[in-house]
Every structure is written in structure tokens, then in C-alpha cells.
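Participant: Please construct the entire structure, taking both the sequences and the accompanying hints into account.
Protein chains: 2
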Amino acid sequence: MAGGIGSRFWPLSTTNVPKQFLDILGVGKTLIQLTFERMKKICPVENIYIVTNAQYETVVLQQLPELKAEQVLKEPMRKNTAPCIAYGNAVIKQRNPQANILVTPSDHLILNETAFANVINAGLKIVAENDFLLTIGIKPSRPDTGYGYIQLGKQFDEVNNIIVNKVKTFTEKPELEMAKIFLKSGDFFWNAGIFMWSLKSIDAAFKEHLPEVATLFYDAEKDEKGNIIFAYKTERDVSDTATLNSIYAQSPSVSIDYGVMEKSNNVYVLQSDFGWSDLGTWGALYENTSKDYAENALIGHDIMMYDSKNCVVSMPAGKIAIIEGLDGYIVVDSSDKLLICRREDEQRIRQFVNELKMKKGEAYV
Amino acid sequence: MAGGIGSRFWPLSTTNVPKQFLDILGVGKTLIQLTFERMKKICPVENIYIVTNAQYETVVLQQLPELKAEQVLKEPMRKNTAPCIAYGNAVIKQRNPQANILVTPSDHLILNETAFANVINAGLKIVAENDFLLTIGIKPSRPDTGYGYIQLGKQFDEVNNIIVNKVKTFTEKPELEMAKIFLKSGDFFWNAGIFMWSLKSIDAAFKEHLPEVATLFYDAEKDEKGNIIFAYKTERDVSDTATLNSIYAQSPSVSIDYGVMEKSNNVYVLQSDFGWSDLGTWGALYENTSKDYAENALIGHDIMMYDSKNCVVSMPAGKIAIIEGLDGYIVVDSSDKLLICRREDEQRIRQFVNELKMKKGEAYV
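Just so you know, the sequences run in chain order A and B. Following the working numbering from start to finish, the first sequence increments by one per residue and tops out at 367. Following the working numbering from start to finish, the second sequence increments by one per residue and tops out at 367.
The list makes no distinction among identical chains, and a pair is therefore deemed to hold if it is satisfied within one copy or across any two copies.
Mimicking BS3-like on lysine-lysine, the simulated pairs with C-alpha atoms at most 25 Å apart in a straight line are:
1. K293 - K31
2. K209 - K265
3. K321 - K339
4. K361 - K293
5. K311 - K361
6. K311 - K339
7. K70 - K95
8. K186 - K156
9. K202 - K127
10. K362 - K293
No lab work stands behind these hints, which were simulated from the structure alone.
Facilitator: Shown next, in the form of C-alpha cells:
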């Protein structure tokens with residue numbers, strides 16, 4: 003999934019070039035390139051599909067030259083994650099109705115790739131054998147209020163030393179006090195938004211919980227007993243642009259979490275701990291990058307800090323920064339945009355960007 | 003005089019394009035253009051000479067297209083203000099030995115141009131009639147520790163409502179306590195570094211106090227009584243590059259203040275109050291530009307300030323800045339350079355720039 007616009011990462015992330023296509027960590031590779039490399043260890047390249055907004059087709063193919071054009075599934079509009087996954091399902095179903103699927107965001111950070119591969123391989127084994135919707139829970143290291151949490155239910159199994167539990171509840175981003183209780187209890191894991199399932203299981207879940215989406219993407223027919231069945235017909239060929247436009251125009255905008263996961267009874271979770279961040283905010287980036295002796299996270303080659311600490315500074319290549327006397331700030335320069343903001347106030351960035359949009363139009367957002 | 007490099011104004015001002023060639027106030031004209039326009043009200047364009055480093059010839063002629071090439075006097079190296087003025091004298095003397103001269107920096111701010119013209123016209127009248135070295139004193143509005151001060155001596159005259167005093171002393175930049183005493187006394191004026199004199203008077207002063215400079219620029223001969231006289235000889239033609247190189251190579255580096263003004267007995271001062279700043283520092287710029295309701299001085303069109311006050315922010319055209327949570331900072335973006343620094347620490351900018359030079363060479367300074 004590579005269609006997001008990462009507005010909380012302004013000014014680096016913009017609608018034209020959102021976060022997944024940026025080397026936001028300063029490591030020489032973009033987030034989608036890092037994600038692609040992780041995936042290549044798990045399955046052959048020809049089995050990888052990128053679902054993204056049509057406007058990003060060129061950048062995807064530039065950044066991932068191993069992909070063929072038909073592996074980039076172009077969404078004509080943004081309708082959240084459920085239609086995105088349904089689109090992928092439709093394409094995969096034409097190729098292999100028996101497929102097991104891993105669904106992952108393209109803009110997350112994963113530090114321990116071996117541990118990650120272990121978890122994924124265990125998960126794919128589980129979903130091949132069980133009608134499960136499987137999600138990944140990350141053992142929390144702090145009472146983060148920026149993540150959703152998964153409450154563990156009864157343990158189901160242990161595969162490759164990975165414990166699998168039934169999911170008791172999904173919870174939205176909690177208040178700090180609640181997050182502290184979650185952390186202390188040991189029963190709550192961060193929801194990483196990474197999913198595994200067989201195509202059969204996710205098809206059945208769409209059919210049950212989001213039939214309007216399923217109908218659009220798969221076409222509905224009735225069997226001899228009057229039950230709706232889902233099958234692909236030529237006139238619903240998702241490789242046809244006009245058909246796809248029509249499908250997306252009619253589809254509701256709904257997340258897979260709200261539309262399917264929270265409503266299903268066969269949702270399970272893998273207890274994981276591989277160093278993960280959704281890199282959803284500058285704070286998340288700060289937490290996950292190396293820092294200097296004064297706890298400054300410096301992304302860029304020529305950043306000179308004086309009497310400054312606890313800052314995250316990101317400069318483009320070739321830009322010199324001299325920064326004096328800042329404690330706990332975000333400083334990000336991105337060609338024609340500069341942001342300076344207290345780290346503790348970063349939730350205001352969306353407000354700033356909205357006001358910028360009102361003032362200057364789409365050019366800078 | 004347009005040869006300075008304005009290092010305290012980094013990163014806007016650099017050796018390649020120093021402050022006088024920048025639109026540092028964001029008004030659409032560079033400081034030297036503003037200075038030139040002021041001078042055009044005082045004398046014909048053909049009487050204006052720019053003394054600058056040879057490397058700035060092109061930019062001077064670009065920014066002041068009314069000038070002819072021979073009006074730009076190109077110094078082959080930097081030797082402070084006394085040689086700069088001697089060079090100007092030598093050129094002017096060839097054209098008009100009876101000239102009265104106004105010497106001015108090209109990078110100062112003057113707010114009330116009518117009051118300025120009144121002071122200058124009074125001054126030119128005085129030096130035409132008296133063997134005076136005349137300087138301009140600015141009535142101080144605050145105990146500024148960044149300026150030199152002139153102590154008033156006995157009143158000499160009043161011309162066009164401008165009071166002329168003999169100068170008692172020149173003082174270097176004072177400590178704050180001393181500056182407060184200066185301000186309270188009413189006897190101390192800021193030294194604006196703007197001078198008026200007849201060519202005869204300044205020639206005589208060079209002859210007496212800086213004979214080694216005078217000899218280099220004017221050539222020395224002895225009259226029949228054995229006194230040194232100064233005259234121009236063909237082999238000292240300052241329009242000849244090799245001769246000029248030789249003169250500058252041999253000249254000491256010395257300021258007109260130290261070399262002449264502080265040692266002369268015929269120094270007078272005009273009490274002035276026309277809204278002046280040397281724009282020598284970001285603090286001086288801050289004091290002299292308009293501010294928003296939160297006392298932020300914003301130079302640039304698209305600077306959005308949130309919960310910030312007492313800042314000076316300068317952005318190039320087309321650059322968006324969103325700044326949150328800063329109090330009392332300098333923020334300056336200049337293409338490949340960014341500076342963030344507490345206003346109270348701006349004297350450290352020179353140190354930062356020196357360290358940058360050691361680290362990265364001359365490219366960014």
C-alpha cells in the first residue's frame with residue numbers, strides 16, 4: 003500500500019512526493035525501496051504488487067525498476083485501505099485464487115529484518131492452514147498515544163517461537179493515562195497495520211462485512227440457492243481504466259480496520275518485537291534515528307549544532323545549517339519550504355498545513 | 003565605499019555577494035541601490051564614485067546601470083577605509099582639485115531622506131568654507147553597544163538648523179553601563195562613519211597623519227623649502243592596474259577613523275537625527291524594520307508565525323516558512339544555507355562562520 007500522502011510529515015512529505023518515496027531516514031534509500039527489499043526476502047519479485055494512486059505510477063517505477071508496469075495497481079482516487087486491498091485481491095485472484103497474501107504499508111520502519119522475516123513466515127504458514135485474518139502486534143516500549151492498540155485474547159498457538167493470540171479488541175489511539183495502563187498490563191500490543199490472510203479468508207470477510215465493496219470489485223452473482231457469490235467477469239476487468247474509475251467512484255471510503263478487522267470473529271495477532279515504527283510523525287522519526295551526544299537527531303551532512311539539544315533536524319543534500327540555542331524542536335528544510343516547530347506541538351503541523359493550503363493553494367502541500 | 007564583506011550578516015551576506023548588494027530589507031532594492039538613489043539627490047550621477055573590491059565590479063555595474071565603468075574604482079585588495087578614501091581622492095583630484103567630498107558607506111539604512119539631504123547640504127556648505135574634517139553624529143535612541151560614539155565639544159555654528167560641534171573624543175564601542183551613561187549625558191552621538199571634507203583638507207590630513215599612504219597614492223615631492231608636497235605623476239597613474247596593485251600591496255591596512263579622524267584637530271560633527279542604522283548586525287536590522295503584532299520582523303512574503311515573538315526571519319522569494327514556538331530568534335534562509343540563532347547570541351555568528359570555513363572551505367562563507 004503506497005497511496006498515502008503523509009501530511010503529518012510536511013514539509014518533507016507533500017502530495018506530489020509523499021513520505022514513502024523519500025529517503026526520510028537519510029540512509030540513501032526511500033522508504034518504499036526499503037520495504038521492497040524486505041519483501042524480496044519473503045517472496046519472488048513477480049509476486050509483489052504496489053497499490054498506489056495513479057499519480058505515483060512514474061515514481062514507483064523509477065524507484066523500483068525491478069517491477070513491471072502491471073505490478074503497479076493504480077487507484078484513480080483515494081478511498082482508504084479497504085478498496086485498496088479489494089483491488090489487490092481482484093488482481094491476485096485472477097492469477098492465483100489459492101494465494102496467501104501479506105499486506106503492508108510501504109512507509110514504515112523495521113529495524114530487525116531477520117526477526118521481521120521470521121514473524122512473516124510464521125504468519126503465512128498460519129493463514130495457509132487457518133481461516134484467519136492475521137495482524138501483527140508490536141510489543142510496546144512506551145505509552146505511545148499515536149498508535150492504535152490490540153488487546154490479546156486467548157493464546158492459539160506458537161509457531162517458530164512466535165506466539166499467536168486471538169484478538170480481544172482493537173482500540174483507537176488512547177489518552178496518555180490509558181496508554182500507561184495498556185503498557186503496564188502487558189496485554190496490549192501496537193497495531194502495526196500489517197496483515198496476512200489467504201485470499202479465500204479475506205474474500206469471505208469482504209463478502210460478509212463490506213459486501214458493497216466486494217460487489218464492486220468482484221461482481222456479484224447468485225448461485226442456484228440464491229446466495230451471493232463473487233466472481234470475476236470480463237466487464238469488471240480491473241485492468242480496464244474506465245471500469246476501475248467507475249468502481250472507485252461508487253466505492254465507499256473505508257479502512258480495512260474499521261470495515262473488516264473490527265467486525266470479524268476470526269482475527270488473530272502475532273506477538274512481535276522487531277523494532278518497528280510507522281514513522282507517522284517527526285516524533286516517531288526522532289525516536290527511531292541515531293542521535294548525537296546532545297540527543298539531536300540530525301538528518302543531513304552539514305548540520306552544525308551549538309548549545310542545542312533534543313532536536314530533530316532534516317536538511318536536503320548540499321544545505322548547510324547552523325543552529326544555536328534550540329531545545330526540543332523540529333527543523334526541516336525542503337527546498338522551497340521551511341518548518342520550525344516544537345516537538346511537543348507537532349500535532350499542530352496538520353493545522354499549519356491546512357492554513358497554508360487555504361493561503362497558497364496546493365502548491366506547497 | 004562598497005568593498006566590505008558583512009560577515010556578521012551571514013548567511014545572507016557572503017564574500018561573493020556581500021550585504022551592500024542584497025535587498026536585505028525586502029523592499030525590492032539592494033542597499034547600494036538605495037544609497038545611490040540618496041546620492042543622486044545630492045550631486046550629479048557623474049560625480050559619484052564607487053570604491054569597491056575588484057571582484058564586485060560586475061555586480062556594481064549591474065545594480066547601478068547609470069554608472070560608467072570608470073566611476074567604479076576597483077581595489078585589488080582589502081586595506082580598510084583609509085586607502086579606499088585615498089584612492090578616491092587621487093581620482094577626484096585629477097578631475098577637480100577644488101572638489102568637496104562626501105564619503106559614505108553603501109550599506110547603511112537611512113529612513114528620513116529629506117532630513118539626511120538637509121544634513122549633507124549643510125555639511126558640504128561648511129566644508130567648502132572651512133578646513134574641517136566633518137563627520138555625522140546620530141542622536142542615540144538607546145544605549146547601543148555596537149556603535150562607536152562621538153563626544154561633542156564646543157558648538158561651532160548652526161547651519162540650516164543643523165548644529166555643528168567640534169569633536170571632543172571618539173570612543174570605541176562601549177560596555178552597556180558606559181553606553182547608558184553616554185545616552186543619559188546627551189553629549190554622545192553615534193558615529194555614522196559618514197564624512198565630508200574638501201579635497202584640500204583631507205589631502206592635508208593624510209599628509210600629516212598617514213604620510214605613507216599619501217605618498218603611495220599621490221607620490222611625494224619636495225617643494226623649494228624642503229616640505230613634502232603631494233602631486234600626481236604619470237607613473238603613479240591609479241587607472242593603471244599594475245600601478246594600483248603595487249600601491250595597494252605596499253599600503254598599510256588602516257581605517258580612516260584610526261588613521262586620520264582620531265588624530266586630527268579639525269574634526270567637527272553635525273548633530274543629526276534622520277533615522278539611521280549601520281545595519282551591521284541582525285539586531286540592528288531587527289530594530290529598524292517594521293514588526294508584526296508579536297514584535298516579529300518578517301522579511302519575505304510567505305512567513306507564517308505561530309506562538310512566536312521577537313524574532314527576525316528572512317526568507318528568499320518563493321520560500322514558505324512555518325515557524326512555531328520561537329521567542330527572540332534569528333532565522334535566515336539563503337538558498338544553500340540556514341541559520342537559526344538566539345538574537346542575544348548573534349555575536350557568535352562570526353565564530354560559527356569561521357568554524358564553517360574550517361570545515362567546508364570558502365564555499366559557504
